[in-house]
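The residues making up each chain are set out below.
Number of protein chains: 2
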Amino acid sequence: MAVKQQTAVTPTREENFAEWYQEVIKVADLAEHSAVRGCMIIKPWGYGLWEGVQRILGKMIKDTGHQNVYFPLLIPLSFLEKEAQHVEGFAKECAVVTHYRLEADGKGKLVPSPDAELAEPFIIRPTSETIVGTAMAKWVQSYNDLPVLINQWCNVMRWEMRTRLFLRTAEFLWQEGHTAHATPAEAVEETMQMLDVYERFAVDYLAIPVIKGEKTPGERFPGAVNTYTIEAMMQDGKALQAGTSHFLGQNFSKAYDIKFADQSQQLQHVWTTSWGVSTRIIGALIMTHSDDDGLVLPPKIASEQIVLIPVAANDEDMARVLDYCNDLAKELKKIRYDDELIRVTVDKSNRRGGEKFWNAVKKGIPVRVEIGRREIESGMLAVSRRDKAAKDKASIKREDFVANIGSLFDEIQNHLLTRARKFRDDHTHEISSVAELEKMFSNTEDSVNGFALAYFDPAIEHDAQVADKLKELKLTARCMPFGHQEQEGVCIFSGKKTKSKIIFARAY
Amino acid sequence: MAVKQQTAVTPTREENFAEWYQEVIKVADLAEHSAVRGCMIIKPWGYGLWEGVQRILGKMIKDTGHQNVYFPLLIPLSFLEKEAQHVEGFAKECAVVTHYRLEADGKGKLVPSPDAELAEPFIIRPTSETIVGTAMAKWVQSYNDLPVLINQWCNVMRWEMRTRLFLRTAEFLWQEGHTAHATPAEAVEETMQMLDVYERFAVDYLAIPVIKGEKTPGERFPGAVNTYTIEAMMQDGKALQAGTSHFLGQNFSKAYDIKFADQSQQLQHVWTTSWGVSTRIIGALIMTHSDDDGLVLPPKIASEQIVLIPVAANDEDMARVLDYCNDLAKELKKIRYDDELIRVTVDKSNRRGGEKFWNAVKKGIPVRVEIGRREIESGMLAVSRRDKAAKDKASIKREDFVANIGSLFDEIQNHLLTRARKFRDDHTHEISSVAELEKMFSNTEDSVNGFALAYFDPAIEHDAQVADKLKELKLTARCMPFGHQEQEGVCIFSGKKTKSKIIFARAY
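Residue numbers (this note's numbering), protein chains in the order written: chain D, 1 to 508; chain H, 1 to 508.
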C-alpha cells in the first residue's frame, strides 16, 4: 500500500474537489464569506488578483478604444420593464430598494421608515444595459456620435440562492462594456473583437486555455441576438464560462429608443453590444492551476512574483541575511517583465523558515528563493518554482538568476498553460451517440468527465426528451465552438443532419 | 463702459458661481444627472480624473503599508444598531433593501414580490465601519495580528435631498481606509499620517492648497473621538472639506467586540481609525482652478496633458500635418514626468481648427500645440498654456519644447498652486469680534467672503445664541487649524479666554 503523501491542503482534489477549492481559498487567504448572505469579503491576497485583472484587462480594453465611465448603482423598475426578455432573465434575482430612511421602532430596533417609501422602487443593477441604453438615447443624435465605446468597472448584484466564493456570489465585481454602432457589421465586429480580447487575456496572462464559441439560443444573455463565450475546463472536468460578449442587435436600441440620423438624414436605431468579465475568473484561475499544496499563480497575474525567504540561526546572521535579501530585491525590482516592474518581496515576518516556505507555497507565489549564510557565501541561490514539486530546488548563481528572471517567468507561464491545455485535451472526447454521452458521464460526480463534443441541432435543445436527458446527466450545452461548424454530421439526439457541433459538460 | 469679454462659459464665475460650476461640468463633458434622483453618470473625461485619483492616491495609500480589499455593499440593520452615534448619524439617509425578487403585478408592471421580503432588511453602505468591524473581530486574536491596515475603493450611498454633481450625490465613489492598532498612540499616528497623505495628494498633485485641522465636536464623524480634515477654499470663498481622517478610539472596537491578547496575555480592545476621500474632490478641483473659459487641470492629474491640434487648409496638407503630429506625439510619449509616461493626444476629429482649439480649452488640457504647414516648415511650435489667457501663445522650437516639457509642466503645476494659495490667503481674515464676523459675511451670497479665523471655544458651539448667529450668517466651524492652537485669546462669543482658534466659513 502506497504511503499517502502529506499535502498542505486537505482534502486533496481527488478526495473532494469542492472542499479542496474552499480550502485553497482559505489557506491562501483569498476571501471569506461575510455575515451578509451570499456576499463575500475579498481579502488582500484575493483582491490583488482582481487588481491584476483590472490593470491588465483594463489596459486591453482601453487599447481597443474604449473609455471608462460610471453609471448609477440603482435602476428604476420602469427601465427594466422595457425589454421583455431582459425582465424575464433578471426580475427573479433582483435586490429591491423600497425605502430611503430608517427609524427607531421604539423597541431599540431600526425599521424602514413608513414615511420614506419610494414611489418607484429601485433595483440594484444586475447589469446595466437598461440604464446605459437610456443615456445613449440622449447622447446619440447623428452618425457623428457613433460609435459609443464605453466600459465600467463596478459591483453588481444577482440574488443567487446557492453561492460559492468567487464562482457565484450575490454581489460580484466585474467590468461591463457597452457599445453602440451604426451598422450590424460593425457591432458584430466589436462583439468578436472583445471575445478575442478576453481569449488573449485568459490565455496570455492567466494561462487559462479557453474555447471560443457561440452559446446556443437557450443559453443566451436575456435580450441578446447572439452570445459568445470563452469556456475553460477546471481540474474536475467541469466547464466554467470565463467571459461573454453579446451582440444585442437592435433589441435594446428599440426598447430604449436609441436612434441616429444617418448620412442621408434617415433616422435609424443603433446596433449595440455588451461584454463582461467578473470576479468569477478568479475562481477559474484557482481551479485551473492550483494543486494539493494550495494556490498556483502564473507570474503575470501574481501580486508577488518572487518571495525572498531569509533563513538564519541567530539574530546576527539574520541581520546580514536580511541586508542581502533587501539588496537582491532592490536589484530585481529594477527589471521589467511584460512591461511591468518585477514584483518581489522579502518575507520579514516572525515565522520560522519552514513556515515562511509553506506560506509562500500556499499563496501560490511563482518563485521562492531561500537565502541563508551558505547562499551568501557561495553566491548561489536556492530557487524553487511553484509549478514544480515543493521539494524541487535548483541552485543558481545570483547573477544568472537576475539575468534570466524573465525567461524563468516565461517558462513558468508557458508550463502552466501547456499543462492546463493538455489536461483539457485529455478530457475532451468526440462522441457520436447519446449512449456514448451517457457512458462518458455515468461515473460518479467527483471524477473527471470533461467535455463531450458532439453534433447536435440547437433547435431541439428545449425538446422534452433532450432536456430531460441533459438534466439527468447534469449537462448543459456550453457552446458551439468556433472552427467546428463547417462539416455536416448526425445530431446525436434527432439523428438528422446538422452542421452544429456542441460542447456538452457539467458546469459551474 | 467696458466691453464685456467673450467667454466660453456663460454665466461667468462672478455672474453666478453655482451656475458657472454646472456649466463647466457640461462644456468639459465631465458628468451629468441620471434618471435616478441624486445619482450621476460620470462621463469619460470626468471618470479619467477619478482614475487619476485612484492611481496616484492609491499608490500613496499602498506605499504607507495599506492593502486593498473589498467588503459587501449591503449591511444588515443589526450591524448599524450597535454603535449609537453612528446610527444617529446615518439612519436618516439610508437606502433600504427589503425584497430580493420582483414579480409582475398583472397590469404590465413589476412590483417587489411579497413572497420575497427579507426577514432582516439591508442598507446600502453609507460607510463601512460596521461591517469591517465585524470582520476585524474575527481576524484579530493577538497582538501578532495587529496592526490591520486595509483600504477599499467602492461606491457608497447617502440619501441626500439636495444634490449637486460631484459635490453631493446620493451615490458617490470613494476610498475608505480602516485600521486597527494595539495602542491609542499608534492609532493617532495613523490618523495623522493619512491626513498628511491627503494634504500631500491635494497640494502636490491637484495643486489645491489645503488647511489641516481638527473638526469641532459638533462636526465630527458619527462615532469618532476626533475627526481631522483638509479644508480648501473655492473661488467663491466657500470652504470644501476635501478629505477626513478619524481617530475612532475604542468606540467601534467595543461596539463590534474587536479584542486582542497583548504580550502579557491580557485581552484588550483595539484602537481603530478610518479615513476617506471621495469623488467630491473632483468638485474641489473644478472650483479651485477653472475659469470663465471652462475647466483648468494641473498636468499631474490631467488624463491628457498635451493636445496636438493639426491645422490645414486642404486634405493634402492635413495628411502631412497629421504625420508630423503623430511623430511628435510618439517622441513625447517616451518621456516620463512624475514617474509616468507623458499623456499626449492628437485631435484627429472632424472639428474645424478653432473648434479643436476651444474644445481643448474647455476640457482644461494643460498644454495646447497648434501645428500647421508654417510650424512644420519653421520647426517652431505654437504653444499655449491653459493656465494663461487663451490668446497667449508662445513660439517654441520643437527640440526645446520636447527637451523642456517637464519644466513646463512644473511651471504650470506651481503656478496653479501659487495662484490658488494667494486667492485663499487674500480671502482669509483674522477677526476678533462677532461684529467683525457679521460685517465680513453681510454682503450678498455671490461675492467672495472667504475664511474668518477667530478665537472660539468649541464647547459652546451648540449654545442657542451661537448656533443661531452662525445659522443666520450661514456659517459653520470648518476646523481648528493646526499651528494656531498654542496662544491664548478671547472667544468672540463668550468673551472668555481660550486657546482654540477656528475657521468659520460658508461651506459646500
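Be careful, since some hints might not be right.
Some chain D residues judged to face chain H by a derived CB distance under 8 Å, without partners named [unchecked claim]: (1) K43; (2) E51; (3) N68; (4) F71; (5) L74; (6) L80; (7) A84; (8) E93; (9) Y100; (10) L102; (11) E171; (12) Q175; (13) A261; (14) S264; (15) T345; (16) V346.
Here are the simulated EDC-like cross-link-like pairs (lysine to aspartate or glutamate), alpha carbons at most 16 Å apart as the crow flies [stated by the list, open to error]: (17) H/K92 / D/D115; (18) D/K62 / H/E304; (19) D/K109 / H/E189; (20) D/K82 / H/E304; (21) H/K334 / H/E304; (22) H/K62 / D/E51.
Bear in mind the hints are in silico, worked out from the structure with no lab data behind them.
Where a beta carbon is used, it is the ideal one built from N, C-alpha and C, also for glycine.
These are the hints, each one checked on the structure:
1. Among the interface hints, the one on D/K43 holds; its C-beta lies about 6 Å from the nearest C-beta in chain H, closer than the 8 Å criterion.
2. Here the hint on D/E51 is kept, as its CB sits about 6 Å from the closest CB of chain H, short of 8 Å.
3. Because the beta carbon of D/N68 sits about 5 Å from the nearest beta carbon in chain H, less than 8 Å, this interface hint is met.
4. Annotation: D/F71 was flagged as interfacial toward chain H, and the flag holds, the nearest CB pair being 6 Å apart, inside 8 Å.
5. The beta carbon of D/L74 is positioned within 8 Å of a beta carbon in chain H (closest approach about 5 Å), and the interface hint is therefore held.
6. A cut of 8 Å between beta carbons decides the hint on D/L80: the least distance to chain H is about 6 Å, and the hint holds.
7. Interface restraint check: D/A84 against chain H, minimum CB-CB distance 11 Å, threshold 8 Å, status violated.
8. Satisfaction of the interface hint for D/E93 is found here, the shortest Cβ-Cβ separation to chain H being roughly 7 Å, below the 8 Å cut-off.
9. For D/Y100, the shortest C-beta to C-beta distance to chain H is roughly 4 Å, which falls under 8 Å, so the interface hint holds.
10. Taking 8 Å as the C-beta contact cut-off toward chain H, the hint placing D/L102 at the interface holds, the least distance being around 4 Å.
11. Interface hint status for D/E171: upheld, as the beta-carbon distance to the closest one in chain H is roughly 5 Å, under 8 Å.
12. For D/Q175, the interface hint is violated, since its Cβ never comes within 8 Å of a Cβ in chain H; the closest pair sits about 13 Å apart.
13. The interface hint given for D/A261 is broken, as the beta carbon of that residue sits about 16 Å from the closest beta carbon of chain H, more than 8 Å.
14. Annotation: D/S264 was flagged as interfacial toward chain H, and the flag is violated, the nearest CB pair being 18 Å apart, outside 8 Å.
15. Evaluation of the D/T345 hint against chain H yields a violated restraint, the C-beta minimum of about 12 Å exceeding 8 Å.
16. At its closest, the beta carbon of D/V346 sits 14 Å from a beta carbon of chain H; the interface hint therefore is violated under the 8 Å criterion.
17. Between H/K92 and D/D115, the direct Cα distance comes to roughly 11 Å. Compliance with the 16 Å bound is thereby established for this hinted pair.
18. Taking the CA atoms of D/K62 and H/E304, the gap is about 14 Å. The hint holds against a cut of 16 Å.
19. Straight-line distance between C-alpha atoms of D/K109 and H/E189 comes to about 36 Å, which puts the hinted pair past the 16 Å bound.
20. Note on D/K82 and H/E304: the hinted pairing is violated, with a Cα-Cα distance of about 38 Å set against a maximum of 16 Å.
21. Of the supplied pair hints, the one linking H/K334 and H/E304 holds, its CA atoms being roughly 15 Å apart against a limit of 16 Å.
22. For the hint linking H/K62 to D/E51, the alpha-carbon distance of about 13 Å falls within 16 Å, and the restraint holds.
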